[in-house]
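Chemist: Given only the sequences and the hints, what does the whole structure look like? Please build it.
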Amino acid sequence: MKLRLFLAPAALSAASAALACGGLHSGQVGATAAPAVRVGDVTVTPLGNGVFAAIRGEPLGMAVNANSLFIVNDSDVVVVDAQFTRQATFEDLAALRRITPRPVRYVINTHWHDDHLAGDQVYQDSFPGVRFIAHPNTKVDLVDRGRPNREAQVRFAPQAADRIERLLGMGLGMDSTKASDAEAASLRSAVHIVRQYVAENPGYREVLPDSLVDRQATLVRGGRRIELRWFGRANTRGDLVIYLPDDGIAAIGDLLGSPVPFGFGSYPSEWIAVLDSVAALGARTYIPGHGPVLYGSSYLRQVRRMLAVARERTRAAALRGDSLPQVLRDVTLEDLRAEVAGTDAWTGALFDRFFRVPVITRVYEEATKGVLR
166 MKLRLFLAPA
176 ALSAASAALA
186 CGGLHSGQVG
196 ATAAPAVRVG
206 DVTVTPLGNG
216 VFAAIRGEPL
226 GMAVNANSLF
236 IVNDSDVVVV
246 DAQFTRQATF
256 EDLAALRRIT
266 PRPVRYVINT
276 HWHDDHLAGD
286 QVYQDSFPGV
296 RFIAHPNTKV
306 DLVDRGRPNR
316 EAQVRFAPQA
326 ADRIERLLGM
336 GLGMDSTKAS
346 DAEAASLRSA
356 VHIVRQYVAE
366 NPGYREVLPD
376 SLVDRQATLV
386 RGGRRIELRW
396 FGRANTRGDL
406 VIYLPDDGIA
416 AIGDLLGSPV
426 PFGFGSYPSE
436 WIAVLDSVAA
446 LGARTYIPGH
456 GPVLYGSSYL
466 RQVRRMLAVA
476 RERTRAAALR
486 GDSLPQVLRD
496 VTLEDLRAEV
506 AGTDAWTGAL
516 FDRFFRVPVI
526 TRVYEEATKG
536 VLR
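Residue 166 is where the sequence shown starts when you use this note's numbering, and the numbers rise one by one after that.
Hints may be right or wrong, so weigh each one.
[Said to hold, decoys possible] Cut-off 25 Å, straight-line C-alpha distance, at most; resulting in silico cross-link-like pairs (DMTMM-like, lysine to aspartate or glutamate): (1) K304 with E371; (2) K343 with E477; (3) K304 with E316; (4) K343 with E330; (5) K534 with E477; (6) K304 with E392; (7) K534 with E330; (8) K304 with D412; (9) K304 with D290; (10) K534 with D495; (11) K343 with D509; (12) K304 with E435; (13) K304 with E365; (14) K343 with D517; (15) K534 with E435.
In case anyone wonders, no lab produced these hints; they're calculated from the structure.
Modeler: Pasting the structure below:
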């Protein structure tokens, strides 16, 4: 999950398995130019053939909700990812209900971060018999990493939110200088999301996946094939890619996030290889974990290059024997920051916080310790 500001640093195994089969496939829900559906902060846009991108509209910031993908089949719906708060997931579900009355049969979680699955219980409560699918590493990480992460957020986030509100009340941003409009909007959104998250916590119920996909599986709904792939560790240990080969659409969670990728706890060298495998699928449309729908692979190639540049420069500094504080000071990635943020100071600050510092830290650990956990 993405409460990056509020915290201290905080089996079905198948080589090629058919998880389920549906009936005859009409597959044309939303195939024409249907209008987008807006509920709260989510806009659901038809991509054709019964596939819809549910894109969250909150500004990128310290607390965010994730995008979803809705795959409407003959008799049911497959959903990729929920949101950080149940309130946000209820918005997504309300938008889905404007599109189809068909029940949600499967929810696929791309990885363990709360902003992609804390809302799972909304689907569990709303659809008896719904099944949750994830990678085995995600199930382990939900327990070993997710539980302590959630406890820390609930404990420390309110004080951080209080501080941000005090600063905003004086017209100041995170560094106690005058906040730009973009920074103020981002921080207000983050405070709203985190306060909702904390308020919901007493009623939170953990939902663990009941179907696990190790390397590859195929979910068949009527005539539609939904391929689930795990190409290795990347943003997390359990990143699933959901690919619709007949539509050229891939939902990829936090393997891509726009305009700034999240690098916390990632595996940068392996992430590069995973992006190569994703590119080899040949998708034409990507649903990132955050940000707008991506058409074509140009942003995927950009993120791959950013990771490769950060790795190369960090490794060179580590081989010289520089300490991590030295590397973080000297490897500025100014060219990449300018490429991502231009002259926008707030986006540049998010680039440092979300990408440069965490990615350099992880590459340094890999270079000096040899193994990333």
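Chemist: Hint check: K534 vs E330, CA-CA at most 25 Å. Holds or violated?
Modeler: violated (40 Å)
Chemist: With the threshold set at 25 Å, check whether the alpha-carbon distance from K304 to D412 stays at or below it.
Modeler: Cα-Cα ~29 Å, so violated.
Chemist: Verify the proposed pairing of K304 with E316, using a straight-line Cα cut of 25 Å.
Modeler: Holds: K304 and E316 sit about 18 Å apart, inside 25 Å.
Chemist: Given the proposed pairing of K343 with E330, does the C-alpha separation stay at or below 25 Å?
Modeler: Holds - the C-alpha atoms of E330 and K343 are around 14 Å apart, at most 25 Å.
Chemist: Can you confirm whether the C-alpha distance between K343 and E477 stays at or below 25 Å?
Modeler: violated (36 Å)
Chemist: Within 25 Å, alpha carbon to alpha carbon, are K304 and E435?
Modeler: holds (20 Å)
Chemist: Are the Cα atoms of K343 and D509 separated by 25 Å or less?
Modeler: holds (14 Å)
Chemist: Within 25 Å, alpha carbon to alpha carbon, are K304 and D290?
Modeler: holds (20 Å)
Chemist: Does K304 pair with E365 here, judged by a C-alpha cut-off of 25 Å?
Modeler: Status holds; Cα separation ~22 Å.
Chemist: Can the restraint linking K304 and E371 be considered satisfied, given a maximum Cα separation of 25 Å?
Modeler: holds (11 Å)
Chemist: With the threshold set at 25 Å, check whether the alpha-carbon distance from K343 to D517 stays at or below it.
Modeler: holds (19 Å)
Chemist: Between the alpha carbons of K534 and E477, is the straight-line distance 25 Å or under?
Modeler: This hinted pair holds, its Cα atoms lying about 16 Å apart.
The structure is inconsistent with the numbered hints 2, 7, 8, although it conforms to all the rest.
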